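A.B. asks: So you can see what is in the structure, the chains are spelled out below.
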Amino acid sequence: MNPIISLKNVTKIYDDPHEMAIEGVSLDIFPGEFACLIGPSGGGKSTILKMIAGLEKETSGEVVKPDAVSMDFQNGALFPWLTVYDNVAFSMRARMVSGDLNNAINFQKNFYDEKSIDKKVKEMLEMMKLSEFSKKYPHELSGGQRQRVGIARALAVDPEVLLLDEPFSALDAKTTDELHNDIIKIWHESKKTIVMVSHLIEEAVSLSQKVFLIKNHTLDASFSVDLPYPRREQGPGFHEEVMKVRREFFK
Amino acid sequence: MTKIFPKVNHQPVHRRFHRHVVITYPISLWERFYSFVLGPVVFVAGLFILLKLFSNSTISLDDITPLPLGLIFSALLATSLRLLVAFILSIVTAIPLALLATRSRFTEKIFLPAFDILESIPILAFFPILIVFFVSIGFLNGAALFILYLSMLWNIVFTLIGGLKIIPKDIKEVAVIFGLSKVQTFFKVILPSIVPQLVTGSLLAVAQGWNIIIVAEVLHVYIPNGTAAQDLFGVGSILVNAAAKGQNDLFIFALLSMVLVIALLNFFVWQKLLRYAERFKFD
Numbered sequence: 001m002n003p004i005i006s007l008k009n010v011t012k013i014y015d016d017p018h019e020m021a022i023e024g025v026s027l028d029i030f031p032g033e034f035a036c037l038i039g040p041s042g043g044g045k046s047t048i049l050k051m052i053a054g055l056e057k058e059t060s061g062e063v064v065k066p067d068a069v070s071m072d073f074q075n076g077a078l079f080p081w082l083t084v085y086d087n088v089a090f091s092m093r094a095r096m097v098s099g100d101l102n103n104a105i106n107f108q109k110n111f112y113d114e115k116s117i118d119k120k121v122k123e124m125l126e127m128m129k130l131s132e133f134s135k136k137y138p139h140e141l142s143g144g145q146r147q148r149v150g151i152a153r154a155l156a157v158d159p160e161v162l163l164l165d166e167p168f169s170a171l172d173a174k175t176t177d178e179l180h181n182d183i184i185k186i187w188h189e190s191k192k193t194i195v196m197v198s199h200l201i202e203e204a205v206s207l208s209q210k211v212f213l214i215k216n217h218t219l220d221a222s223f224s225v226d227l228p229y230p231r232r233e234q235g236p237g238f239h240e241e242v243m244k245v246r247r248e249f250f251k
Numbered sequence: 001m002t003k004i005f006p007k008v009n010h011q012p013v014h015r016r017f018h019r020h021v022v023i024t025y026p027i028s029l030w031e032r033f034y035s036f037v038l039g040p041v042v043f044v045a046g047l048f049i050l051l052k053l054f055s056n057s058t059i060s061l062d063d064i065t066p067l068p069l070g071l072i073f074s075a076l077l078a079t080s081l082r083l084l085v086a087f088i089l090s091i092v093t094a095i096p097l098a099l100l101a102t103r104s105r106f107t108e109k110i111f112l113p114a115f116d117i118l119e120s121i122p123i124l125a126f127f128p129i130l131i132v133f134f135v136s137i138g139f140l141n142g143a144a145l146f147i148l149y150l151s152m153l154w155n156i157v158f159t160l161i162g163g164l165k166i167i168p169k170d171i172k173e174v175a176v177i178f179g180l181s182k183v184q185t186f187f188k189v190i191l192p193s194i195v196p197q198l199v200t201g202s203l204l205a206v207a208q209g210w211n212i213i214i215v216a217e218v219l220h221v222y223i224p225n226g227t228a229a230q231d232l233f234g235v236g237s238i239l240v241n242a243a244a245k246g247q248n249d250l251f252i253f254a255l256l257s258m259v260l261v262i263a264l265l266n267f268f269v270w271q272k273l274l275r276y277a278e279r280f281k282f283d
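Sequences listed follow chains A and B, in order.
Taking this note's numbering, I'd label the letters of the first sequence as residues 1 to 251.
Taking this note's numbering, I'd label the letters of the second sequence as residues 1 to 283.
Hints are computed from structural coordinates only; laboratory data are not their basis.
Predicted model, so just to flag it, every value in this text is computed and none were measured.
Fair warning: there could be bad hints in the mix.
[As the list claims (entries may be wrong)] Footprint (simulated), chain A over chain B, 3 or more residues, beta carbon under 8 Å:
1. 160 to 173
2. 176 to 189
3. 273 to 283
[Stated by the list, open to error] DSS-like cross-link-like pairs, simulated, lysine-lysine; straight-line CA separation at most 27 Å:
4. B:Lys245 - A:Lys135
5. B:Lys272 - A:Lys192
6. B:Lys281 - A:Lys136
7. B:Lys109 - A:Lys57
8. A:Lys136 - B:Lys109
9. B:Lys281 - A:Lys135
10. A:Lys57 - B:Lys165
11. A:Lys50 - B:Lys172
12. B:Lys281 - A:Lys57
13. A:Lys215 - B:Lys182
14. A:Lys50 - B:Lys165
15. B:Lys281 - A:Lys129
16. B:Lys272 - A:Lys57
17. B:Lys109 - A:Lys135
Cβ atoms here follow ideal geometry from the backbone N, Cα and C, with glycine treated the same way.
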């Protein structure tokens, strides 16, 4: 099987300020995989995610990725002037109006009419348990609900790859737990490739099949986590997996 | 992150101290009561007392008869129209100028200092030259419009620059992720993001406009052997000419009418816009 995302000896140096972000990183992510990039802050994991998203261009090396990549941001990055419904519809409406296939990112499906958008938005809101909030504005929502809207918006365009940039970092433990369960459920049902950035080892081990440790601007180590889902922190083997990553993390 | 080459911070001063002004809608009941009702009342009453003190105590409300209602009304209309045209011109130019200045670090280095210099020019000092020019082409209103336009423009430009610079990076990245075109990005992401600054900048600009109008309509002062006949019809020229001729009743009536119009504008336009703009703020 060919990887859906492949970084080949990729280096990224930012121009202004002139800083090294990552150096000579090579990694493969296969279709349907749940992969996690972890590491200390400033280590370059977000840069890798942004390059997969097409937001940053590599300085050298090669980034192979599909066109249909969608992303959910750290705090949801919702538009405060749009309702939950319109925020979710935003991604599809953009496609509807432009229909411009020369844009950087082409999604498999183009949504040309409000009716199909309406159907899809309602489906997304249902899936993310947001139906009752559809007319609310982002400032009326809790952090967890905002994150759900961000994920709904990202999934609405039916991407091949879903990128999550530290989506749960600002949430409380209970909300994080609920969202973990939901994201695993979505992943199982949709069979999408998910790449997540996290700074928590436990989170990475409980969600993903592959953990890439990005440290000091390079790929320090990668781990396969073969535990069955749903994973529990008290479950068999969980602690061992966490310790395996932790040893490398703090080396 | 590791620095490959340590770099000194060469940022020009304006980069670090860009202007960022946002006026917020009064939230509490007291704030609203003050800005809608008590504020204008206190202001008008205070003005009234002041005027009485300075008019040798000969003026009372009864003296202001007959009230030149039609004259003042049409003068206010003419002045408001002048302000509106200048305002529209300045907002239409301010948006592209602000976008240009914040496009990249390079354009910022070029345009911000240029804007700073242009803004600091005391435009009223150039008014006589402007008038000579506009008299020669026979477009007297142009002189007033131009001076109003320049006095409004920079308020909006600098407020917008402040607004454009605080748009969160990830909000702009959303536009890239979902493949918005440049035009779509402007209308769906950038423009809504700066609505609060657009409202604040406009409010400040129009306030400045009311200020300048007092001078901008009175052209004859700058024309050799000029007479009041050369002035532009409006509440500004009525104020100045009435004061010069000692027509205190007309002066007071014109002044109070102008204050009333400004208070009404505040109540029916600016407060509503400020409230509307609250929704567009990032937290």
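A.B. asks: If a hint holds in the structure, say so; if it does not, say that too.
C.D. replies: Structure-based check of all given hints:
Here the segment 160 to 173 of chain B counts 4 residues with a CB under 8 Å from a CB of chain A, which clears the bar of 3, and the coverage holds. Proximity of the segment 176 to 189 of chain B to chain A, defined as three or more residues with a beta carbon under 8 Å from a beta carbon of that chain, is established by the 9 residues found. By the rule of at least three residues with a Cβ nearer than 8 Å to a Cβ of chain A, the coverage given for the segment 273 to 283 of chain B holds, with 5 such residues. Taking the CA atoms of Lys245 of chain B and Lys135 of chain A, the gap is near 61 Å; set against the 27 Å cutoff, the hint is violated.
The suggested pairing of Lys272 of chain B with Lys192 of chain A is violated, with an alpha-carbon distance near 46 Å, which exceeds 27 Å. With a C-alpha separation of about 15 Å, the suggested pair Lys281 of chain B and Lys136 of chain A falls inside the 27 Å cut-off, and the hint holds. Annotation: proposed proximity of Lys109 of chain B to Lys57 of chain A holds, straight-line Cα distance about 25 Å (limit 27 Å). For the proposed pair Lys136 of chain A and Lys109 of chain B, the alpha carbon gap of about 41 Å is over 27 Å, so the pair is violated.
Simply put, Lys281 of chain B and Lys135 of chain A have alpha-carbon atoms about 18 Å apart, close enough for the 27 Å limit, and the pair holds. With a CA separation close to 23 Å, the supplied pair Lys57 of chain A and Lys165 of chain B stays within the 27 Å bound. Note on Lys50 of chain A and Lys172 of chain B: the hinted pairing holds, with a Cα-Cα distance of about 13 Å set against a maximum of 27 Å. Taking the CA atoms of Lys281 of chain B and Lys57 of chain A, the gap is about 30 Å. The hint is violated against a cut of 27 Å.
For the given pair, Lys215 of chain A sits about 36 Å from Lys182 of chain B by alpha-carbon distance, which is inconsistent with the 27 Å threshold. For the given pair, Lys50 of chain A sits about 21 Å from Lys165 of chain B by alpha-carbon distance, which is consistent with the 27 Å threshold. Taken as a hint, the Lys281 of chain B and Lys129 of chain A pair is honoured in the structure, with Cα atoms around 26 Å apart against an allowance of 27 Å. Restraint check for Lys272 of chain B and Lys57 of chain A: not satisfied, since their Cα atoms lie roughly 44 Å apart, outside the 27 Å limit.
Pair hint Lys109 of chain B plus Lys135 of chain A does not hold up; C-alpha atoms about 43 Å apart against a cutoff of 27 Å.
Taken one by one, the earlier hints fail for this structure at numbers 4, 5, 8, 12, 13, 16, 17, listed in ascending order.
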